[in-house]
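Chemist: What follows is each chain in one-letter form.
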Amino acid sequence: DTAVSQTPKYLVTQMGNDKSIKCEQNLGHDTMYWYKQDSKKFLKIMFSYNNKELIINETVPNRFSPKSPDKAHLNLHINSLELGDSAVYFCASSQDGSWGRGDTQYFGPGTRLTVL
Amino acid sequence: QKEVEQNSGPLSVPEGAIASLNCTYSDRGSQSFFWYRQYSGKSPELIMSIYSNGDKEDGRFTAQLNKASQYVSLLIRDSQPSDSATYLCAVYSGNFNKFYFGSGTKLNVKP
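Line by line, the protein sequences give chains A and B. Position one of the first sequence corresponds to residue 1 (our numbering), numbered consecutively onward. Position one of the second sequence corresponds to residue 1 (our numbering), numbered consecutively onward.
These are computed hints drawn from the structure, not numbers from a lab. Only true hints are included.
Cut-off 20 Å, straight-line C-alpha distance, at most; resulting in silico cross-link-like pairs (EDC-like, lysine to aspartate or glutamate): (1) K2(B) / D38(A); (2) K9(A) / D85(A); (3) K41(A) / E5(B); (4) K40(A) / E5(B); (5) K9(A) / E24(A); (6) K2(B) / E58(A); (7) K22(A) / D85(A); (8) K36(A) / E5(B).
Throw the hints in and build the complete structure from the sequences for me.
Modeler: This is the structure:
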């Protein structure tokens, strides 16, 4: 019973292609996130959704478009992939996004994206 | 200056020793502080959170926060080889509603 799941685990594709990564959580959480972890292990938040509404949108190229069909799912679509997009992408969820009051984030297993 | 800074390591300690991991942050208004552990090829998992100055203990782990000096540390007592991982410091700034991770410190515990 995986709490936060992502598919696919590995994604290898050519520059210029469009790809999607799917994320699902079965924890009943209201808030979901996408993070990018680069080769230097630097983990950076990209987006945050609370109950299907976008609440955080960091400085991310508009080639990246998140979509949340319901609060249990947050998918990431990437257009016109570039070499610099190669990274591990983590989905995460938390109860309500109240980081200041101890809201804990649970991470998915990650999707390793390689752009050739 | 990065919002959260950590020494990348690796930090090597013998089994049974105390491992001390440090983190500094730039936003003086930061409110919440977290330590995550990430094994190679795995996802981060939360091990400690701390919100007020002082120490917080949980088993072999102690988080220490000093807001005046803007640093947070994690002590691991009786280090075990299974503690070998990268430890990520994360900070939440309520002023900006931002959540920042450091780049992590790699810990090696030698048997």
